[in-house]
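In the order they appear, the protein sequences are chains P and A.
Residue 133 in my numbering is what sits at position 133 of the first sequence, and the numbering runs on without skipping anything.
Residue 233 in my numbering is what sits at position 233 of the second sequence, and the numbering runs on without skipping anything.
To be clear, the hints were calculated from the coordinates, so they are not data collected in a lab.
Don't take every hint at face value.
[Stated by the list, open to error] List time: in silico SDA-like cross-link candidates among lysine to any residue, alpha-carbon distance up to 20 angstroms:
(1) P:K110 x A:S186
(2) A:K119 x A:N54
(3) A:K119 x A:H57
(4) P:K110 x A:N183
(5) A:K119 x A:P59
(6) P:K110 x P:N74
(7) A:K114 x A:I104
(8) P:K110 x A:I163
(9) A:K119 x A:R162
(10) P:K110 x A:S161
(11) A:K114 x A:R160
(12) P:K110 x A:R162
(13) P:K110 x A:N54
(14) P:K110 x A:R160
(15) P:K110 x P:A76
(16) A:K119 x A:I104
[Unchecked claim] Derived Cβ-Cβ restraints for the label pairs, each shown as a range:
(17) P:D121 x A:L132: 53 to 63 angstroms
(18) A:R277 x P:N74: 40 to 50 angstroms
(19) A:L126 x P:G80: 48 to 58 angstroms
(20) P:I19 x A:L92: 44 to 54 angstroms
(21) P:Q136 x A:A149: 26 to 36 angstroms
(22) A:A145 x P:D69: 48 to 58 angstroms
(23) A:I104 x P:G80: 39 to 49 angstroms
(24) A:Y117 x P:A117: 54 to 64 angstroms
(25) P:R17 x A:G152: 39 to 49 angstroms
(26) P:D121 x A:A149: 31 to 41 angstroms
(27) P:A117 x A:I104: 46 to 56 angstroms
(28) P:A117 x A:L126: 40 to 50 angstroms
(29) P:Q136 x A:A145: 46 to 56 angstroms
(30) P:Y16 x A:R85: 14 to 24 angstroms
Even glycine gets a Cβ: it sits at the ideal position worked out from N, Cα and C.
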Amino acid sequence: MASSLILETTGLCAGYREIQVLWGVDIAVRRGEITALIGSNGAGKSTLMRVLSGLVPISEGNCFSQGRDLTGANAAEILGHGIVHVPEGRRLFGAMSVEENLLMGAYLRKDGRAAIARDLDQVYATFPRLLERRRQAAATLSGGEQQMCAIGRGLMSAPSLLMIDELSLGLSPLLVEQLVAALRALNAGGMSILLVEQDVTTALDLCHHAFVMDMGRIVRAGSGTELLADPIVRDAYLGVLQE
Amino acid sequence: MQAAQILINALVLGCLYACIAIGFSLVWGVLNVINLIHGSFIVLGAYLAFGLYNALHVPPWYAVIVAAPLFFVLGYLLQRLLLNRVITAPVLVTLTLTFGLDLILNNAMIYFFKADYRKLTLTPSLGSVSILDVVVPVDRLIATAAALALTGLLYLLLRRSRIGRAIVAVRLDRDAAVLMGVNVPSIYAIAFGLGAALAGCAGVLMALIFPISPLTSSAYLGKAFVVCVLGGLGSVSGALAGGLLLALVEGVGSTFFGPSHATTLSFVLLIVFLVLRPQGLVGRKGFE
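From just these sequences and the hints, can you work out the full model?
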């Protein structure tokens, strides 16, 4: 049944105390694909991410991954199941070195030092800048390098699904291009990715499939090219006026 | 030569002050708990050294090996069973709780050990070494070396081990640490256990030099507090810098103004730092 779905939510509701943010969210992330979640500020995208990674509890509905019910699982269990969350704003451990940050990503792993060292080399191969700066405190990195470090830290958990919240926030177009290329390469290597992004053009261009979120609900879904052509999406999120 | 003697004394005492303070600083930095029971842990460690030496002739430098796991377990359980229940409450709640626990432990020690000052006297005495006119008792040298070793061990643990990295990560960004799969309550308990172990070991070393009484606990707590403010909270290097500065100021102060004014001077320095340099000498955000 859901074996091709690496993540699936059904009727997901959640929020903070008495303020409900998500109202019955249904999304499905297919294995080996890049899935994008777009929407305006305050639509609930980041809250959905925080729910999926176990930081915010689910009040109603369910969350499955590869046929397993993850509803009510805590952050460590979800991470152990191969779902990693690269949070908005990078959230690196600023006073720790780049390499220590990356090793924190492998905190839960029990498959031995050799495997972790191999993945560390893999991350450095993906982002050579991190290798140059491996002994440097993460706080001293530029914004783009910090995002690379945050993604690298996520990869160090050897995930099957990489969830990235706000990839391009505060980065120059050139850096975004580099990161997008890196994500394409990761995806070509088989990594499933769920991307939350405010830069709708970049996201729809990159993804196989996308969901549009508004007021805590999924209002549209389709392939990237379909949604790019969708007049309502164009009107609301691309600032293209209809003739 | 007097200057050299003051300097050596400050170096010796400063390392001991750092050892008193690092556990306190670790708990404050990682858990945001001002642990008022720290001073009583130190005194309890001193009694442990006293008892082990007088009953079993175990010298204090071996007693450290006994004290460390014992106090770690004590601290771990205290945090796991009690403090973790109120850890998210405002800082005043945890302060009050540790204040109450300190009253219990301190009064229990007065009840069982009496308030009399005792002294652990090594027989035979280890004597002292003198280079030119500078004289240092050997027991002090041993205590200093052990204090430095403990400080170095904590540094290595925090920088090189997986658990140490997790402790630092929780201090820097709790939510991000949770995303890495870190079990925060368990890290809190480990950090508090480490703080207690360092206090117990510091107490064992203090027994080599200072008289032992439950009444000295507030003096130790005060030193730990001042060292943290002077050096900067949340780093091993800060505790070391703060400890050395405090010892130097006290040494100079007691030489020129008399011993009774050494403490006055150190608290004046505390106020000056709070006003002019609240982050301390090497104040940083990470615990390294």
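How the hints compare with the structure:
Annotation: proposed proximity of K110 of chain P to S186 of chain A holds, straight-line Cα distance about 18 angstroms (limit 20 angstroms). For the hint pairing K119 of chain A with N54 of chain A, the CA-to-CA distance comes to about 11 angstroms; that is within 20 angstroms, so the pair holds. Between the alpha carbons of K119 of chain A and H57 of chain A the distance comes to roughly 14 angstroms, so the proposed pair stays at or under 20 angstroms and holds. For the hint linking K110 of chain P to N183 of chain A, the alpha-carbon distance of about 15 angstroms falls within 20 angstroms, and the restraint holds.
About 14 angstroms separates the Cα atoms of K119 of chain A and P59 of chain A, which keeps this hinted pair within 20 angstroms; it holds. Using a Cα cut-off of 20 angstroms, the hinted pair K110 of chain P and N74 of chain P holds, with the two alpha carbons roughly 18 angstroms apart. Only pairs whose Cα atoms come within 20 angstroms are accepted, and K114 of chain A paired with I104 of chain A is accepted, the gap being roughly 14 angstroms. With a CA separation close to 14 angstroms, the supplied pair K110 of chain P and I163 of chain A stays within the 20 angstroms bound.
Of the supplied pair hints, the one linking K119 of chain A and R162 of chain A is violated, its CA atoms being roughly 40 angstroms apart against a limit of 20 angstroms. Distance hint between K110 of chain P and S161 of chain A is fulfilled; the C-alpha atoms sit about 15 angstroms from each other, no more than 20 angstroms. Note on K114 of chain A and R160 of chain A: the hinted pairing is violated, with a Cα-Cα distance of about 43 angstroms set against a maximum of 20 angstroms. Our distance criterion of 20 angstroms between C-alpha atoms is met by K110 of chain P and R162 of chain A, whose separation comes to about 12 angstroms.
Distance restraint check for K110 of chain P and N54 of chain A: the Cα-Cα separation of roughly 46 angstroms exceeds the 20 angstroms cut-off, and the hinted pair is therefore not satisfied. A threshold of 20 angstroms between alpha carbons decides the hint, and for K110 of chain P with R160 of chain A the separation of about 17 angstroms falls inside it, so the pair holds. For a cut-off of 20 angstroms, the pair hint linking K110 of chain P to A76 of chain P stands: about 13 angstroms separates their Cα positions. A hinted pair counts as satisfied when its Cα atoms are at most 20 angstroms apart, and K119 of chain A with I104 of chain A does not qualify at roughly 24 angstroms.
Checking the proposed 53 to 63 angstroms range against D121 of chain P and L132 of chain A shows it holds: the Cβ atoms sit about 55 angstroms from each other. Look at R277 of chain A against N74 of chain P: about 41 angstroms separates their beta carbons, and that is inside 40 to 50 angstroms. L126 of chain A and G80 of chain P have their C-beta atoms about 54 angstroms apart, which keeps the hinted 48 to 58 angstroms range intact. As the Cβ distance of I19 of chain P to L92 of chain A is approximately 28 angstroms, the hint placing it in 44 to 54 angstroms is violated.
Remark: the range hint 26 to 36 angstroms for Q136 of chain P to A149 of chain A is upheld by a beta-carbon distance near 29 angstroms. The hint said 48 to 58 angstroms for the Cβ distance between A145 of chain A and D69 of chain P, and at roughly 57 angstroms that hint holds. Between I104 of chain A and G80 of chain P the Cβ separation comes to about 40 angstroms, which falls inside the hinted range of 39 to 49 angstroms. Distance hint for Y117 of chain A and A117 of chain P: a CB-CB separation of about 55 angstroms, consistent with the stated range 54 to 64 angstroms.
Look at R17 of chain P against G152 of chain A: about 46 angstroms separates their beta carbons, and that is inside 39 to 49 angstroms. In this structure, D121 of chain P and A149 of chain A meet the distance hint of 31 to 41 angstroms, their C-beta atoms being roughly 35 angstroms apart. In this structure the hint that A117 of chain P and I104 of chain A lie 46 to 56 angstroms apart at CB holds, the actual value being about 49 angstroms. Between A117 of chain P and L126 of chain A the CB atoms are about 47 angstroms apart, so this pair conforms to the stated range of 40 to 50 angstroms.
Taking the beta carbon of each, Q136 of chain P and A145 of chain A are about 33 angstroms apart, not inside 46 to 56 angstroms as hinted. Between Y16 of chain P and R85 of chain A the beta carbons are some 23 angstroms apart, a value that agrees with the proposed interval 14 to 24 angstroms.
The structure fails to meet hints 9, 11, 13, 16, 20 and 29 from the earlier list, while all remaining hints are met.
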